[in-house]
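A.B. asks: If you're matching them up, the sequences are chains A and B in order. The numbers in the first sequence follow this note's numbering, run straight up by one, and end at 115. The numbers in the second sequence follow this note's numbering, run straight up by one, and end at 1115.
Incorrect hints may appear among the rest.
[Stated by the list, open to error] Simulated restraints on C-beta separations: (1) S7/A with N1028/B: 26 to 32 Å; (2) E1062/B with S46/A: 28 to 34 Å; (3) A1081/B with E5/A: 15 to 21 Å; (4) I1051/B with G16/A: 46 to 52 Å; (5) K1/A with A1061/B: 17 to 23 Å; (6) N1028/B with S96/A: 49 to 55 Å; (7) F1012/B with D69/A: 30 to 36 Å.
[What the hints assert, rightly or not] Quick list of in silico lysine-lysine cross-link-like pairs, PhoX-like style, CA-CA up to 25 Å: (8) K102/A with K1/A; (9) K102/A with K1071/B; (10) K102/A with K57/A; (11) K71/A with K102/A; (12) K1/A with K1057/B; (13) K1057/B with K1071/B; (14) K1057/B with K1083/B; (15) K1014/B with K1083/B; (16) K1/A with K17/A; (17) K102/A with K1014/B; (18) K1083/B with K1009/B; (19) K1009/B with K57/A.
[Said to hold, decoys possible] Looking from chain B toward chain A, a few residues come up when the C-beta cut is under 8 Å (computed): (20) P1008; (21) Q1041; (22) G1042; (23) L1043; (24) P1075; (25) L1090; (26) T1103; (27) F1106; (28) G1107; (29) P1108.
If you are wondering where the hints come from, they were derived from the structure by calculation, not from laboratory data. Where is the CB? At the ideal position from N, CA and C, for every residue including glycine.
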Amino acid sequence: KNQVEQSPQSLIILEGKNCTLQCNYTVSPFSNLRWYKQDTGRGPVSLTIMTFSENTKSNGRYTATLDADTKQSSLHITASQLSDSASYICVVSYLSNFGNEKLTFGTGTRLTIIP
Amino acid sequence: DGGITQSPKYLFRKEGQNVTLSCEQNLNHDAMYWYRQDPGQGLRLIYYSQIVNDFQKGDIAEGYSVSREKKESFPLTVTSAQKNPTAFYLCASSQDRGTSQETQYFGPGTRLLVL
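Model the full assembly from the supplied sequences, consistent with the hints where possible.
C.D. replies: See the structure below:
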């Protein structure tokens, strides 16, 4: 069964500190992995997208890594800001038997930054 | 939220009533999607459309219906057959569903509550 598991479920850190969010998946055949940021009551916004051959991708203070061998990804946030408080969702895509792309969403990590 | 709008922001449904959620995009995207988000669960695909006048069922289509008469519009109707409609509904669009690296852009969401 294709699954995406994220940890921790929630995380609270002080403003200015770094943090790392984890994503493990069993999706196969793997196509790409995306990280989204979702503010409370809003739609998700794309942060990064990585294919099988990419190990790392950055977007400002956000850096995503991918280990396709162990089927793990992480999202590292540097020098956190209050505006980073949100849910971070890991999304893994695969090609279905019909050749079209399907997405499997993780349940997200709820990050809270405190001053 | 890009160029995707959803309305209303909040919607109340009485038992036995059909309600329609609006989704409009001005990004000239070919593909559009409807997802449902419940607490503690990842987003689940309800319906998607790759082209005007064509749409396909997602993983949880029962109790829902859609239409795609115009490229920019993809309304979702929650019918009385959907017994547990309370959720946060997200509409998304992408340039082309067939390309594995296409980013999905999400709308701000509609929260549906049952009276």
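A.B. asks: Indicate, hint by hint, whether the structure satisfies it.
C.D. replies: So, going through the hints one by one against the coordinates:
no., hint, verdict
1, S7/A with N1028/B: 26 to 32 Å, "38 Å, violated"
2, E1062/B with S46/A: 28 to 34 Å, "29 Å, holds"
3, A1081/B with E5/A: 15 to 21 Å, "32 Å, violated"
4, I1051/B with G16/A: 46 to 52 Å, "48 Å, holds"
5, K1/A with A1061/B: 17 to 23 Å, "20 Å, holds"
6, N1028/B with S96/A: 49 to 55 Å, "26 Å, violated"
7, F1012/B with D69/A: 30 to 36 Å, "49 Å, violated"
8, K102/A with K1/A, "13 Å, holds"
9, K102/A with K1071/B, "21 Å, holds"
10, K102/A with K57/A, "22 Å, holds"
11, K71/A with K102/A, "17 Å, holds"
12, K1/A with K1057/B, "20 Å, holds"
13, K1057/B with K1071/B, "18 Å, holds"
14, K1057/B with K1083/B, "18 Å, holds"
15, K1014/B with K1083/B, "11 Å, holds"
16, K1/A with K17/A, "36 Å, violated"
17, K102/A with K1014/B, "33 Å, violated"
18, K1083/B with K1009/B, "21 Å, holds"
19, K1009/B with K57/A, "34 Å, violated"
20, P1008, "13 Å, violated"
21, Q1041, "6 Å, holds"
22, G1042, "3 Å, holds"
23, L1043, "4 Å, holds"
24, P1075, "17 Å, violated"
25, L1090, "5 Å, holds"
26, T1103, "5 Å, holds"
27, F1106, "3 Å, holds"
28, G1107, "5 Å, holds"
29, P1108, "5 Å, holds"
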